[in-house]
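Q: Working from the sequences, and respecting the hints, build out all of it.
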Amino acid sequence: GENVEQHPSTLSVQEGDSAVIKCTYSDSASNYFPWYKQELGKGPQLIIDIRSNVGEKKDQRIAVTLNKTAKHFSLHITETQPEDSAVYFCAASDNQGGKLIFGQGTELSVKP
Amino acid sequence: NAGVMQNPRHLVRRRGQEARLRCSPMKGHSHVYWYRQLPEEGLKFMVYLQKENIIDESGMPKERFSAEFPKEGPSILRIQQVVRGDSAAYFCASSPGSDSPLHFGNGTRLTVT
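Chains as they are written, first to last, in this note's numbering: chain Z, 55 to 166; chain U, 25 to 137.
Hints are computed from structural coordinates only; laboratory data are not their basis.
Derived pair list, reagent style DSS-like, types lysine-lysine, alpha-carbon separation capped at 27 Å:
| # | chain 1 | residue 1 | chain 2 | residue 2 |
| --- | --- | --- | --- | --- |
| 1 | Z | Lys91 | U | Lys68 |
| 2 | Z | Lys96 | U | Lys75 |
| 3 | U | Lys95 | U | Lys68 |
| 4 | Z | Lys96 | U | Lys51 |
| 5 | Z | Lys112 | Z | Lys165 |
| 6 | U | Lys68 | Z | Lys96 |
| 7 | Z | Lys112 | Z | Lys91 |
| 8 | U | Lys51 | Z | Lys91 |
| 9 | Z | Lys122 | U | Lys68 |
| 10 | U | Lys68 | Z | Lys125 |
| 11 | U | Lys68 | Z | Lys76 |
| 12 | U | Lys75 | U | Lys86 |
| 13 | Z | Lys122 | Z | Lys111 |
A: Pasting the structure below:
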């Protein structure tokens, strides 16, 4: 089955700097790659996603890149703000359809 | 349009009791997924259901755990004879189809004493 590895596990940046989180996946048949933000005491919230027919997608300060050949994808947050502090999860679709397999999470801390 | 609703938000059970967790998907969503999250860990898939059908239960423990999504009413995750190791946050997600984004509820935090 699909396996997703996520790095780093913790990331601390200064306000205004950029943050990059990277994930690799094992199943070349995966075709959907979402990113979720989880704040304390809440459920994961979808912030951006990308499908395998696209190499890059951007939404304001957030962008995601996908390299299908290398089976890795990354989340880029520019001009970070303290409210970006949260745990971020990457995920990949399972080749049997439907469910997502999640990475281990990255705790992002943005210091004012 | 209300999001995915889970209740209760917090549930305390003694060892050996039963825990019932409920999930109402977003309006128009017929696909439901249950995930478990241990402290400072990622989300582990448990089960994927459509109305009246279990599609994938590859992440469900073989014993004591069951899930249903009846024609009417919420999806239910049932844990019988709970043990301390069942303490975790249980999240439900829904989607309108198998190739659509998942939307999560705020979870039920189960504590077994």
